[in-house]
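Q: If you want the building blocks of each chain, they are given just below.
Number of protein chains: 2
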Amino acid sequence: MHTITATDFLNDFRTMSTFGATTGGGVDRQAATDSDAQVRLWFQAWLEEHGFQVHFDAIGNQFGLLEFSPDAPYILAGSHMDSQPLAGRFDGSYGVLAAAHAALQIKEECERSGEIPPCNLAVVNWFNEEGSRFTPSMMGSGVFTGKLDLEAAYNAQDLSGTRVKDELERHGFLGDFEMPAPTSYAEIHVEQGRGMEDSHVTIGLVAETWGAKKFEVTVRGDQAHTGSTLLKDRRDALFGAAIIIAELRRYAESRTGAPLQASVSTMEVLPNSPVTVARQVTMNLDLRSPDWETLEAAFKAVKEIIEGAEREAKVEVDLDVTHEWKLSPYTPAGVELAAQVASELGVRYQRVQTVAGHDSTNMKEITPTIMLFVPSVKGISHNEAELTKDEDMLAGVEMLTQTLQHLVQGTLA
Amino acid sequence: MHTITATDFLNDFRTMSTFGATTGGGVDRQAATDSDAQVRLWFQAWLEEHGFQVHFDAIGNQFGLLEFSPDAPYILAGSHMDSQPLAGRFDGSYGVLAAAHAALQIKEECERSGEIPPCNLAVVNWFNEEGSRFTPSMMGSGVFTGKLDLEAAYNAQDLSGTRVKDELERHGFLGDFEMPAPTSYAEIHVEQGRGMEDSHVTIGLVAETWGAKKFEVTVRGDQAHTGSTLLKDRRDALFGAAIIIAELRRYAESRTGAPLQASVSTMEVLPNSPVTVARQVTMNLDLRSPDWETLEAAFKAVKEIIEGAEREAKVEVDLDVTHEWKLSPYTPAGVELAAQVASELGVRYQRVQTVAGHDSTNMKEITPTIMLFVPSVKGISHNEAELTKDEDMLAGVEMLTQTLQHLVQGTLA
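Sequence order for the protein chains is C and F.
Counted from 1, the first sequence has number 212 at position 212 by our numbering; the numbering is strictly sequential.
Counted from 1, the second sequence has number 167 at position 167 by our numbering; the numbering is strictly sequential.
Hints may contain errors.
You can't tell identical chains apart in this list, so a pair holds if it fits in one copy or across any two.
What the hints assert, rightly or not - Result set (DSSO-like, lysine-lysine): computed pairs, CA atoms no more than 30 Å apart in a straight line: (1) Lys389 x Lys314; (2) Lys300 x Lys314; (3) Lys232 x Lys378; (4) Lys232 x Lys389.
Hints were generated in silico from the structure; no laboratory data involved.
Just chain C, same shape as in the assembly (with noise of 0.2 Å):
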């Protein structure tokens, strides 16, 4: 019998990076587009052939499940396969593949030895992590931890209309499976920044999450002439957005202290004409620090230079927070642990902070969890030219298995 190798894992990867591949060596595979369920579909078939049996829940996370014994509790380990538009082929899918192979290597252990672990073991592939497409994202994860309502994440919509409970139905992935709330979950990712690569280490450690603050801004203005009316007489929901998004920045990059990232990346024009003066421009506002006190000056600086925009423009600005959090630790018994297997295996590790959302920040609000990260070079995220090296992506693999092996001996339970 053909036992699963680092090779396998490669190709493996190879494969599945073809599903919605870009010219650019990225994917473009946005939460619930054909793309997304193509790689569903060879998931499923990849996760059949070795053994697992495969569910959809109400909100279309896709599980594997390896039943060790009947009736022991599960262990959980996953990520998301699907991305950002022209997005790396990494960032989630790389994690959902290292947790199926990690599964697949415990269960031929398994069968080795004979040794029966007290635990099942079940891997994932979260639905609309991204939400490029839906809002909001960790939509899966967050339906799965009860932070989310199945209703209303049914009934987002993305640019044209489509809903997500049409698309789910569409592509077959609207399932009645109810995973049973596991003992422990673990997830690895690359890193998405480049502190590891700085600092030449291989395994990240996630101690914390960033607190972060996010808002929807309205700027509302009036229509009018680009033509006739006089620059004195305009209301121009535009040149207000434009004024927070160019003081917003060099605000934040004008700062000392505890690090803030502050971006605003969408806008919606009305009527978005090329004769006629904006009369509202909607966009999101994302303040993400570790420092509380730096979230709150930064909240405080934002509402100072809105009220500028609208002396200078002439506009009224609404600024809505949609979520706010602060730093928050991951499990210290996870972390612990994973420094000893870390340790044991002989790599460069380091504990770490994310910045980025990622699945596991749900999970661990139910349940104790460990978040792994390996190197992403140059830092480069959301973008085709996203790498990690293969070895490090192996790396990874062999410490998602030996932190698995714990978890299944149940070790944090």
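Starting from the structure of chain C, add chain F where the hints point.
A: Below, chain F without anything else, positioned relative to chain C:
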């Protein structure tokens, strides 16, 4: 027999304004939408009821002909009934209805007197003057005057990918009529600025159209994660675009000397995702001035602003000229004739310039053209709150009627 009256005009104007009416008192009648089709069918019925022969040409221009004698040359008068999104009910539509009522008055006068004028008379509702759904603007008059290629116009697509030709066909406006080149053209329109209101005049005689330079601006950055990518590593296309928009407006407002209008009003952001830094922003950039030196200086300033944005946001910017023209006179003899008519009528008038483009801007290149304005309250334009007072509308109809009386005598031919 009923003789057409001022009351009829105001009643017809109110009826016309119900097609595509918005709750804010305006209309939303973008080119070749259902509401544009409805107002055209209503206008067709009105024309036929009053003895006009109605024809559509290959680009969907709607003509209503009054043939006084076979083989006589035609005088043409009109404007457009399509609108910007959420626009006013006067822009364009007033001019088409004014032309129809003026023509009908002349027909009735001929019937009373038994006199047959040397020229025939036609009114026109040009297709897609606004250009908000399908670019370029002034499409119908552009094709009619040979400035725009018919096939290029047919293939223009809206944001959903629908083509002009298919929409014209769907509504039955794809005709094969070939309107003879008129020996002169007249158009009346609301001013869309507040110069005439400030000067307390009722009739504007448009002597010149401002020069303009219009651009497409493409800002190219690189996708990155809005959380984990350091600010100094970002090449944020939306930040670059924001700098350009804000600095352009500040430059235009800080100037002295000849007037300058500067606007950005459309924007497409890619990938427009809440967690991905924008890789590309495409936007328009619109400069208008009566003074060519001022436009050249503004063009130079735009290039400097762009260089600053490229440095600060680490982006690359393409600036492509899409349209440009210098200050351009209307037929001087036409302005003289209109001044004589206004004098005889005893209305307050003045020579004005137009900042906005009009179908007459195309027509004056091929035939002697008279362009008239009536005042816009507070200069509000491309806005549901656009308003021209009843008495000003009626003064305009009277002014256009008397002007056309001269034109059908062959005065400008």
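Q: Output the indices of the hints that this structure fails to meet, ascending.
A: none
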